[in-house]
Every structure is written in structure tokens, then in C-alpha cells.
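Positions 1 to 121 (the working numbering) are the ones given, in order, by the sequence shown.
It should be emphasised that the hints constitute simulated quantities derived from the structure, not laboratory data.
Treat the hints with care, since some could be wrong.
[Claimed, not checked] Have a look at the derived ranges for each label pair, beta carbon to beta carbon:
no.	residue 1	residue 2	range
1	Asp74	Glu17	38 to 44 angstroms
2	Lys110	Gly82	40 to 46 angstroms
3	Asp106	Ala78	29 to 35 angstroms
[Stated by the list, open to error] Listed below are the simulated DMTMM-like cross-link pairs for lysine to aspartate or glutamate, each with C-alpha atoms no more than 25 angstroms apart in a straight line:
no.	residue 1	residue 2
4	Lys104	Asp16
5	Lys64	Asp91
6	Lys110	Asp2
7	Lys110	Asp45
Remember, predicted model here, so these are calculated numbers, not experimental data.
In this text, a Cβ means the ideal position worked out from N, Cα and C, and glycines have one as well.
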Amino acid sequence: MDPFFEELFTLLGFSDEEGQEYLKTFQEILSMNLVADLAETLPEDKRAEFVKLVSADGQQDGLKDWMHDNISMDADIAKKLGESVTRSYRDFFEALVADLDTGKKDEVEKFAQSYMGQMAE
Numbered sequence: 001m002d003p004f005f006e007e008l009f010t011l012l013g014f015s016d017e018e019g020q021e022y023l024k025t026f027q028e029i030l031s032m033n034l035v036a037d038l039a040e041t042l043p044e045d046k047r048a049e050f051v052k053l054v055s056a057d058g059q060q061d062g063l064k065d066w067m068h069d070n071i072s073m074d075a076d077i078a079k080k081l082g083e084s085v086t087r088s089y090r091d092f093f094e095a096l097v098a099d100l101d102t103g104k105k106d107e108v109e110k111f112a113q114s115y116m117g118q119m120a121e
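Can you make the complete structure from the sequences, with help from the hints?
This is the structure in C-alpha cells:
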């Protein structure tokens, strides 16, 4: 598991099993956003392979490699990709903190904002 998610789930007091379930939820959010935002934007010859990779459970590394090899040079698609990833993290964080008390919510939001700031750099 990514160290960020390990730290986040520890902060929230989740067991390893709960953390894995939430990580799976995040991957589903990310996959849906990527498909919605990029499937129609991609050139037709790359679209089917992209959708197949996004649909495969646990294929985040393969997807990252494919995107680097196939679309990293297209500035418009790369921008759209970054927006999709950022929105996915934001949606996930919002859902994660929705039922927390104010103090814990603030702590998680601060942690998440720190991570998002690092991603933007």
C-alpha cells in the first residue's frame, strides 16, 4: 500500500482490512473519473486499451506506465489527466471525512491538503 494511504488510514484508526476496502473505493473513484474524462478525449487507437487498463482491478502501476508511454507528450490530455486525479483525491477525501467530528475532520483535511500540495509540485 502507498505510504500516504497507510498514514491516512492510521490517522483515521482503520484496520488493515478497512484500509484495503477504502483503497479499493479510491481506485474505483479514480477509474470512473478517468474513464469519464479521458475515454472520449483519447485518440480512437488508444481508447480501447485505456478503458481495458482502467477496468482491470489493481492495475494502477500498469495504467501509469501506459499513460506515460502513450499520452505524456499530449499537453491537453496530460492536463485532463491531472484534473481527473486531483478530483478523484478530493472526492475521496470529502467522502472519508463526511461523518467525522470537527477536530478529526480538520486533522484529516490538513493531512490531505499537505499531500495534495506535494502532488501539485
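How the hints compare with the structure:
no. : hint                               : result
1   : Asp74 x Glu17: 38 to 44 angstroms  : holds (39 angstroms)
2   : Lys110 x Gly82: 40 to 46 angstroms : violated (22 angstroms)
3   : Asp106 x Ala78: 29 to 35 angstroms : holds (33 angstroms)
4   : Lys104 x Asp16                     : holds (19 angstroms)
5   : Lys64 x Asp91                      : holds (20 angstroms)
6   : Lys110 x Asp2                      : holds (18 angstroms)
7   : Lys110 x Asp45                     : violated (41 angstroms)
Consistency note: the structure conflicts with the earlier hints numbered 2, 7.
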